[in-house]
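Trainee: One line per chain: the protein sequences are E and S, in this order. So the first sequence is numbered by full-length UniProt numbering: it starts at 1 and just counts up by one. So the second sequence is numbered by full-length UniProt numbering: it starts at 1 and just counts up by one.
Among the hints, a few may not be true.
Reference excerpt, derived from the structure (chain E facing chain S, CB under 8 Å, subset only) [to be verified]:
1) Val48
2) Gln92
3) Glu93
4) Gln96
5) Trp99
6) Gly105
7) Leu107
8) Gln146
9) Val149
10) Pro256
11) Lys470
12) Gln528
13) Pro531
With a straight-line Cα cutoff of 30 Å, these simulated DSS-like cross-link-like pairs (lysine-lysine) come out [as the list claims (entries may be wrong)]:
14) Lys206/S with Lys260/E
15) Lys500/E with Lys515/E
16) Lys369/E with Lys110/S
17) Lys143/S with Lys112/E
For the record, the hints were derived by calculation from the structure and aren't laboratory data. We treat Cβ as the ideally placed atom computed from N, Cα and C, and that holds for glycine.
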Amino acid sequence: MPELERHSFDVLVIGAGGAGLRAAIEAREHGLRTAVLCKSLFGKAHTVMAEGGIAAAMGNANESDNWQVHFRDTMRGGKFLNNWRMAELHAQEAPQRVWELETYGALFDRTKDGRISQRNFGGHEYPRLAHVGDRTGLELIRTLQQKIVSLQQDDFKEFGDYEERLRVFQEFTVTELVKDGDRISGAFGYWRESGRFVLFEAPAVILATGGIGKSFKVTSNSWEYTGDGHALAMRAGASLINMEFIQFHPTGMVWPPSVKGILVTESVRGDGGVLRNSDGKRFMFDYIPEVFKDKYADNEEEADRWYTDQANNRRPPELLPRDEVARAINSEVKAGRGSPHGGVFLDVSTRLPAEEIRRRLPSMHHQFKELADVDITAQPMEVGPTCHYVMGGVEVEPDTGSSSVPGLFAAGEVSGGMHGSNRLGGNSLSDLLVFGRRAGAGAAEYVRAMAERPVVAEDIVTEARATALKPFQQEGGENPYTLHMELQQSMNDLVGIIRKAGEMEEALQRLEKLKERAQALTVEGHQQFNPGWHLALDLRNMLLVSECVAKAALLRTESRGGHTRDDHPSMDAEWRRKLLVCKADGDGAQVTEKPQIPIRHDLLDLFDRSELEKYLTAEELA
Amino acid sequence: MSYQGKFRVWRGDDSGGGLEDFTVEVNEGEVVLDIIHRLQATQTPDLAVRWNCKAGKCGSCSAEINGRPRLLCMTRMSIFEESETITVTPMRTFPIIRDLVTDVSFNYTKAREVPSFTPPKDLAPGEYRMQQVDVERSQEFRKCIECFLCQNTCHVVRDHEENKEAFSGPRFLMRVAELEMHPLDTADRVDQAQDDHGLGLCNITKCCSEVCPEHIHITDNALIPMKERVADRKYDPIVWLGNKLFKRS
Numbered sequence: 001m002p003e004l005e006r007h008s009f010d011v012l013v014i015g016a017g018g019a020g021l022r023a024a025i026e027a028r029e030h031g032l033r034t035a036v037l038c039k040s041l042f043g044k045a046h047t048v049m050a051e052g053g054i055a056a057a058m059g060n061a062n063e064s065d066n067w068q069v070h071f072r073d074t075m076r077g078g079k080f081l082n083n084w085r086m087a088e089l090h091a092q093e094a095p096q097r098v099w100e101l102e103t104y105g106a107l108f109d110r111t112k113d114g115r116i117s118q119r120n121f122g123g124h125e126y127p128r129l130a131h132v133g134d135r136t137g138l139e140l141i142r143t144l145q146q147k148i149v150s151l152q153q154d155d156f157k158e159f160g161d162y163e164e165r166l167r168v169f170q171e172f173t174v175t176e177l178v179k180d181g182d183r184i185s186g187a188f189g190y191w192r193e194s195g196r197f198v199l200f201e202a203p204a205v206i207l208a209t210g211g212i213g214k215s216f217k218v219t220s221n222s223w224e225y226t227g228d229g230h231a232l233a234m235r236a237g238a239s240l241i242n243m244e245f246i247q248f249h250p251t252g253m254v255w256p257p258s259v260k261g262i263l264v265t266e267s268v269r270g271d272g273g274v275l276r277n278s279d280g281k282r283f284m285f286d287y288i289p290e291v292f293k294d295k296y297a298d299n300e301e302e303a304d305r306w307y308t309d310q311a312n313n314r315r316p317p318e319l320l321p322r323d324e325v326a327r328a329i330n331s332e333v334k335a336g337r338g339s340p341h342g343g344v345f346l347d348v349s350t351r352l353p354a355e356e357i358r359r360r361l362p363s364m365h366h367q368f369k370e371l372a373d374v375d376i377t378a379q380p381m382e383v384g385p386t387c388h389y390v391m392g393g394v395e396v397e398p399d400t401g402s403s404s405v406p407g408l409f410a411a412g413e414v415s416g417g418m419h420g421s422n423r424l425g426g427n428s429l430s431d432l433l434v435f436g437r438r439a440g441a442g443a444a445e446y447v448r449a450m451a452e453r454p455v456v457a458e459d460i461v462t463e464a465r466a467t468a469l470k471p472f473q474q475e476g477g478e479n480p481y482t483l484h485m486e487l488q489q490s491m492n493d494l495v496g497i498i499r500k501a502g503e504m505e506e507a508l509q510r511l512e513k514l515k516e517r518a519q520a521l522t523v524e525g526h527q528q529f530n531p532g533w534h535l536a537l538d539l540r541n542m543l544l545v546s547e548c549v550a551k552a553a554l555l556r557t558e559s560r561g562g563h564t565r566d567d568h569p570s571m572d573a574e575w576r577r578k579l580l581v582c583k584a585d586g587d588g589a590q591v592t593e594k595p596q597i598p599i600r601h602d603l604l605d606l607f608d609r610s611e612l613e614k615y616l617t618a619e620e621l622a
Numbered sequence: 001m002s003y004q005g006k007f008r009v010w011r012g013d014d015s016g017g018g019l020e021d022f023t024v025e026v027n028e029g030e031v032v033l034d035i036i037h038r039l040q041a042t043q044t045p046d047l048a049v050r051w052n053c054k055a056g057k058c059g060s061c062s063a064e065i066n067g068r069p070r071l072l073c074m075t076r077m078s079i080f081e082e083s084e085t086i087t088v089t090p091m092r093t094f095p096i097i098r099d100l101v102t103d104v105s106f107n108y109t110k111a112r113e114v115p116s117f118t119p120p121k122d123l124a125p126g127e128y129r130m131q132q133v134d135v136e137r138s139q140e141f142r143k144c145i146e147c148f149l150c151q152n153t154c155h156v157v158r159d160h161e162e163n164k165e166a167f168s169g170p171r172f173l174m175r176v177a178e179l180e181m182h183p184l185d186t187a188d189r190v191d192q193a194q195d196d197h198g199l200g201l202c203n204i205t206k207c208c209s210e211v212c213p214e215h216i217h218i219t220d221n222a223l224i225p226m227k228e229r230v231a232d233r234k235y236d237p238i239v240w241l242g243n244k245l246f247k248r249s
């Protein structure tokens, strides 16, 4: 057995997207030796795919905007299931986090007076999204990446070593978290390039691994989104909440088949694009739910006036929260009014001049031209729902990002609570920054306050190595690609955008069988950069997390946000008071109910009582 | 409308390798990366390839298709004849790790050598004011997805391993230009471009601009303007005389 590579750090950050990098910057700025471990190359994380912008109530486009308005929008978007403290911190701190990016070198689009421009987005009362065309995620990731480099340059000047206090381990996968008693003591994983194993000793680990979309067939997520952080947290004893809430983004590409699911930014609608069915009708006017009737226009004239006069008109219904729009598109297609390839039409070509479209939506223009032969300045796009985001994740303490396991923190998509049952567009990038920073500070605080460092027991290494190598030692088993495709198909068909008890029970049966078959996988070749092996290991995480999703979804007998039950179509105020908590149980998941923390009074007072009556029980309002 | 496509894919590692022939199903609307994935799922489960977003946004799946540097995810099969054999090889300028995956650490080393954004000391977060027209020049360069195809194609390093030490390549010379043109950057980057990053080695053949999947005008908008600034500073006789007289370094 080759010598095991070992490293010791104060803080390990798993994941190098927006949350991970912001957490690493914070931990390093607190003076701690920090490592970032990421599955892809540095700078390629899924954050790069975010298009529309970062929501922050800076009030540059409309002075009436402030954190209270942003807080209200976020709670409404999540149908009041949100962790209100997270929504509060998020709304309050997002502007500072955006301004900070400018000091790192970010170049946002500008207003006429030279400030950061802000655009409209679904569910946001005012234009609120700081953006760079439709490639805001790229700007965010590159800016944070360059800030990390800048900190490394500082260390080079001071110590003669770029990596003295901040090191990035790229193309590295963590397979296990390591504990000393009940505390985190490190992590174990492998270099993708060589397949060699590495043990990290560290008292604090921040999970920033993103989402779980690769368990679904039609998704906007990249290969990395296999729920690693969710599964690592569960296996370490932490709990997940809200796993039944999955966001299906209303507008993914539907044709050609090879690009099905790729995201079409909400900015298309924010900038004036409209949805039409095969009869040419703007159908969203038929789908305004009762709770939003006073905020959304019920006719085209008013909706169109809103773009120039927001004070005197209600918003166009194309800008309803994503869950509403996704369900509406689904219904139109089911009713036979879909586009030729099973979506609906999203048209901006008749709404903006071609030059303006190319300026505001350059990457959408490029994407459709190159991948679908569609010129969006002249033709409508065909779009349909695509699995985009998981609202559920590690249950954390809002102020510090700490999980229930000492030393384990989580931030970004892998954490749960902030977005309740449905996330508003633009609230993800701001979430990454606000809670990435808080988790970095929380971990630093934890390490500072620690009396003695935990140690790593050697037998854990032997076990972790054996688990990782198992697929090589088995002969005659199935190919991991086959299992992955079956998993994706099952989740898509049975635990997808519209759910029924019988189908979810069937999904759980299938998951049990897949789990058994996954025990006997066979991987060909050797350990060096072997995608088949990587998938075999990721599959274990996808199966565990899928089980959480299906079990929680089966239990929640109501429809809310990213969880729609055909057999329980209405929202139930009693259910708002309950969270579903997933914990590991043997090699599976166990889901239990837990009461939701009541909303603080001063925050409740930000809403009209008539609005609260739509969401809260009479008992809560008394 | 499927057909059986003929592919020739380079397989091997740093100790050697060669092209292997495959016949794979190709469906309407697919890109080369779809075919590589189908090979993994059906014939060669351990075929190594880097990819992430499959939407031309992350710049991971760079390779050479029929000898031309391209993103695998943005190269549609419909540009080829059905009878054509399509050859897929790793980027040539970087060391091989395995199959289509190369060691691109050269680029990360070069990135670290470019001094970071240096904001004005007296400006607090939230106080930054810039005009759209002024940020647009640098914004064009910030569209870069770091696929490193420009670095791979640039003959200064593609054919001359010995230049790698002195030459940062189009990607990072463009990064220097981006910072130089940032309305609020206070560092002086003109001499650095020439002395530390090897701008003088670039002889503006525009190969980098041609392969850029983001269609950034690397040569015209970044490299040539930087060369002009260097020329103004270093080779303008009046500036030269002024520097001598007033002892500016």
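Trainee: To test your reading of the hints: which numbers does this structure violate?
Mentor: Per hint list: 2, 3, 11, 14 and 16 violated.
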